[in-house]
Amino acid sequence: MRTGKCGLSISFVIVLVAVVLALPSMMLGQTAAAKPSGGDGTSATHWSIQVDQVDPGNLELAYSFQLAIYENLVEELKKTKPFQEVIRDGDLKANEVPYLLMLKTTVEKYTPGSETRRAVTTASGATKLTVRTQLVTREGKVILERTVNGEVRFFGSNMRATHNLAKNIARAIKQSSRNELERPASALAGQL
Amino acid sequence: MDRPVGLRNQWDHPCRIHRRARWLLVAVICCGLTEAAQYSTQQKASKPFSIRATHLVGFENTKTNYRGTLSIQDDSLEFQQTGKSVAHIKISSVRDIFLGQESRQVGGLPLTLGEAAAPHGGGRVVSLFAHKKYDTLTLEYVDDHGGIHGAIFQLAKGHAELVKNELVAHGATINFHKDRSQNGRAAEARHENR
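Residue numbers (numbering that gives the first Met the number 0), protein chains in the order written: chain B, 0 to 191; chain C, 0 to 193.
Derived from the structure by calculation, the hints contain no laboratory data.
In silico SDA-like cross-links for lysine to any residue, where the CA-CA straight-line distance does not exceed 20 Å:
hint: 1; chain 1: B; residue 1: Lys77; chain 2: C; residue 2: Asn60
hint: 2; chain 1: B; residue 1: Lys77; chain 2: B; residue 2: Met101
hint: 3; chain 1: B; residue 1: Lys92; chain 2: C; residue 2: Gly145
hint: 4; chain 1: B; residue 1: Lys80; chain 2: C; residue 2: Glu59
hint: 5; chain 1: B; residue 1: Lys166; chain 2: C; residue 2: Thr63
hint: 6; chain 1: C; residue 1: Lys62; chain 2: B; residue 2: Asn163
hint: 7; chain 1: C; residue 1: Lys131; chain 2: B; residue 2: Val119
hint: 8; chain 1: C; residue 1: Lys132; chain 2: B; residue 2: Arg116
hint: 9; chain 1: C; residue 1: Lys131; chain 2: B; residue 2: Thr115
hint: 10; chain 1: B; residue 1: Lys77; chain 2: C; residue 2: Thr63
hint: 11; chain 1: C; residue 1: Lys131; chain 2: B; residue 2: Arg116
hint: 12; chain 1: B; residue 1: Lys127; chain 2: C; residue 2: Arg103
hint: 13; chain 1: C; residue 1: Lys62; chain 2: B; residue 2: Gly155
hint: 14; chain 1: C; residue 1: Lys132; chain 2: B; residue 2: Gly155
hint: 15; chain 1: B; residue 1: Lys77; chain 2: C; residue 2: Val141
Covered by chain C, per the in silico footprint, the following chain B stretches (three or more residues, Cβ under 8 Å):
hint: 16; region: 64 to 74
hint: 17; region: 78 to 91
hint: 18; region: 144 to 158
Yeah, the Cβ is synthetic: ideal placement off N, Cα and C, and Gly gets one too.
Starting from the given sequences, assemble the full structure and let the hints guide the process.
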């Protein structure tokens, strides 16, 4: 009886290991299959993006937070690569780029947290940021508008909320760039 | 006939000689002090200022949470690790400097895991005391193309002010039009202190 149970558990472990090993390759296959179906995928990369400095709105947001959001946004957009070039606010190169979108970020809500409170209570002390993010053309036409949140709930410093926020914004832009910006850049510019 | 003799006696009076000697001594001391002050100022100007700091975000080609030394020499602000310059900017490109305060947990991941593993919520008590206050130094600067950059450093308490003063002495500018963010900093610090 005991030998039977032992054999059963061994076979269960083997099956589990096989599934775990097979899963990434299945996922890879899916990704590889999904890539060509998404069109040529080059249209969005015609566009360059200029990241504008964060507008704190009417909120008392520390300037270090504003700059941290801005810097993290530049980094995350460079990492996710939905655009040909990521240009900083004030950069003179922006005048020479033909297809340029401007990323405007306005802080709508900010809840200052405390790392100590998070560590002691777990339930409270979260740092939360809510921003309205817009992709705007040179002519001022808004082609994408999203409200994105970023927060740090358990581990990490308060500044980590800015990193999470920038990650979420970059993800939202990447997802929408598949839809809104997938059309050829010239056609989109002509429409605008 | 006695008059010139009387005059000479008046000028050579020991009291007057003492007074002259005292003035001479004071003048010599003053000259010496001025010389010393000039020498120390020259020494100060040529001696590079450096301070331990952790790079949080934004400085070009520098990893986040990277510990090193911030040093100021002539017209450049450098971030170094083990004596090697990791990144540097011109101080004249700094457009604004902001100071802040943060409270962070000490001990890193090992202490966090230890707190989580402690029975009967003992870890929470530990985390109540395992925090340390730091200064944050935020710099806004522009690159050669005019692009705006922001760099945030974490320093030991009280050190950010020293760096700010040193940067200002070397020609960095501070805009006072963003005073509202100072209120934000105060709000953040208030919340952190609760």
